[in-house]
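Q: Sequence:
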Amino acid sequence: MRNKLFLLSMTLLLTSFLVEAQSQRGVRIGYIDMEYILESVPEYQESLLQLEGKVQRWRKDIENQQKEIDQMKLNFSNEKVLLTKELIEEREEDIKIKEDALFKYQQDRFGPNGDLMIQKRQLVQPVQDQVFNAVQEIAGNKQYDFIFDKSADVVMLYAAQRNDISDQVIRMIVRSAKRTQAESKQDKKDIETRDGLSDEQDKVLNEREQAIESKKNEREALLEERRKVRDSIRAAKQAEFELRRQRILEERNNPNSGSNEGGDGKSQNIPNEGETGNKSGVGEGETKTTREAIIIERKRVQDSIKNAKKIELELKRTKIIEERQRKQDSIRGTRQNNTAPPINAGEGDNNEGGI
Numbered sequence: 227m228r229n230k231l232f233l234l235s236m237t238l239l240l241t242s243f244l245v246e247a248q249s250q251r252g253v254r255i256g257y258i259d260m261e262y263i264l265e266s267v268p269e270y271q272e273s274l275l276q277l278e279g280k281v282q283r284w285r286k287d288i289e290n291q292q293k294e295i296d297q298m299k300l301n302f303s304n305e306k307v308l309l310t311k312e313l314i315e316e317r318e319e320d321i322k323i324k325e326d327a328l329f330k331y332q333q334d335r336f337g338p339n340g341d342l343m344i345q346k347r348q349l350v351q352p353v354q355d356q357v358f359n360a361v362q363e364i365a366g367n368k369q370y371d372f373i374f375d376k377s378a379d380v381v382m383l384y385a386a387q388r389n390d391i392s393d394q395v396i397r398m399i400v401r402s403a404k405r406t407q408a409e410s411k412q413d414k415k416d417i418e419t420r421d422g423l424s425d426e427q428d429k430v431l432n433e434r435e436q437a438i439e440s441k442k443n444e445r446e447a448l449l450e451e452r453r454k455v456r457d458s459i460r461a462a463k464q465a466e467f468e469l470r471r472q473r474i475l476e477e478r479n480n481p482n483s484g485s486n487e488g489g490d491g492k493s494q495n496i497p498n499e500g501e502t503g504n505k506s507g508v509g510e511g512e513t514k515t516t517r518e519a520i521i522i523e524r525k526r527v528q529d530s531i532k533n534a535k536k537i538e539l540e541l542k543r544t545k546i547i548e549e550r551q552r553k554q555d556s557i558r559g560t561r562q563n564n565t566a567p568p569i570n571a572g573e574g575d576n577n578e579g580g581i
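Note that the numbering used here numbers the sequence shown so that position 113 is 339, with each residue one more than the last.
Treat the hints with caution; some may be incorrect.
Claimed, not checked - Straight-line C-alpha distance at most 25 Å; calculated DSS-like pairs for lysine-lysine:
id, residue 1, residue 2
1, K442, K542
2, K280, K293
3, K330, K286
4, K454, K542
5, K535, K454
6, K542, K553
7, K293, K346
8, K299, K330
9, K441, K293
10, K463, K532
11, K322, K306
12, K454, K324
13, K535, K525
14, K441, K346
15, K324, K368
16, K293, K322
17, K454, K442
18, K545, K535
19, K404, K463
20, K280, K299
21, K545, K532
22, K442, K532
23, K346, K280
24, K542, K441
25, K324, K286
26, K441, K532
27, K404, K442
Because the hints were derived from the structure by calculation, they are not lab data.
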């Protein structure tokens, strides 16, 4: 409690000092949100997912070892009355060894100095270095006197959004990563051009690129859905063809009883009335069941074709609406964003094209 009061009093004292200094000498203060920055760095998130997979395997190992110990205890409890004193001591020692090994494994994985804490620090350290370098550069370019970490232990009672430079830090980290991955001269030139833009221009350009990427993903999803509809219609027609073929084959293999009349005049054994009735009943039952199955399957195929055509019609309607909206957005963007830097012509043509 005393530590918290001391920390709060020091924070208030520092804040009052900074406010007074700012009013007298124009001190600039900014802050970052480290947790927000970490969530926005793709490389860190991918490494965190890999670490989470390791953690799940470690937890599974601990669970299996605990089940083994529980089973050993259960067996020992059931057999204890039949064991000698030496065997009892031996079994208890085995259980104790297993429990000690499990405790050591838990500490090695999840303890204060375990693998989890070590690997987390190893994951965070490169990002922290990048953030530190970006903060140093931003503070030097924009003449910030103090930059705090909002997610740190410093108690921040209020922070204006205009003083948050987290997005600027993220953009610098992303640019640095792209600069490292750039292979062609054109890519490097584009990155240098982006480096010379102001924050507002870069923000507008990012929003436009995100909008283009979003529309591109929507088109790809639309094409994929249309392909599925075509495949569904093709499969339904194929199924209907197979049913029609099967019905024709069944009609050939099971002709009407009248087609067997006549013959070559030779005497044939005439079955009695009971046998004829039984065979006729069985044949009619099988034929009726087959016809019902064919009718049901045909109805299912027709419904599938109907639904597929309905989906295709909805997709066409959606495409027309999106095309109209895209044209309106393009006209509105041209009117409002004349001051924004243009995107490469090749990129715009490729992304704005039709399906």
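Q: Hint by hint, say whether it matches the structure.
A: Comparing the hints with the structure gives:
{"no.": "1", "hint": "K442 x K542", "in the structure": "holds (17 Å)"}
{"no.": "2", "hint": "K280 x K293", "in the structure": "holds (20 Å)"}
{"no.": "3", "hint": "K330 x K286", "in the structure": "holds (15 Å)"}
{"no.": "4", "hint": "K454 x K542", "in the structure": "holds (14 Å)"}
{"no.": "5", "hint": "K535 x K454", "in the structure": "holds (12 Å)"}
{"no.": "6", "hint": "K542 x K553", "in the structure": "holds (17 Å)"}
{"no.": "7", "hint": "K293 x K346", "in the structure": "violated (29 Å)"}
{"no.": "8", "hint": "K299 x K330", "in the structure": "holds (19 Å)"}
{"no.": "9", "hint": "K441 x K293", "in the structure": "violated (52 Å)"}
{"no.": "10", "hint": "K463 x K532", "in the structure": "holds (11 Å)"}
{"no.": "11", "hint": "K322 x K306", "in the structure": "holds (16 Å)"}
{"no.": "12", "hint": "K454 x K324", "in the structure": "violated (56 Å)"}
{"no.": "13", "hint": "K535 x K525", "in the structure": "holds (15 Å)"}
{"no.": "14", "hint": "K441 x K346", "in the structure": "violated (37 Å)"}
{"no.": "15", "hint": "K324 x K368", "in the structure": "violated (60 Å)"}
{"no.": "16", "hint": "K293 x K322", "in the structure": "holds (14 Å)"}
{"no.": "17", "hint": "K454 x K442", "in the structure": "holds (19 Å)"}
{"no.": "18", "hint": "K545 x K535", "in the structure": "holds (15 Å)"}
{"no.": "19", "hint": "K404 x K463", "in the structure": "violated (50 Å)"}
{"no.": "20", "hint": "K280 x K299", "in the structure": "violated (29 Å)"}
{"no.": "21", "hint": "K545 x K532", "in the structure": "holds (20 Å)"}
{"no.": "22", "hint": "K442 x K532", "in the structure": "violated (29 Å)"}
{"no.": "23", "hint": "K346 x K280", "in the structure": "holds (12 Å)"}
{"no.": "24", "hint": "K542 x K441", "in the structure": "holds (16 Å)"}
{"no.": "25", "hint": "K324 x K286", "in the structure": "holds (16 Å)"}
{"no.": "26", "hint": "K441 x K532", "in the structure": "violated (29 Å)"}
{"no.": "27", "hint": "K404 x K442", "in the structure": "holds (21 Å)"}
Hint compliance for this structure: hints 7, 9, 12, 14, 15, 19, 20, 22, 26 are broken, all remaining hints hold.
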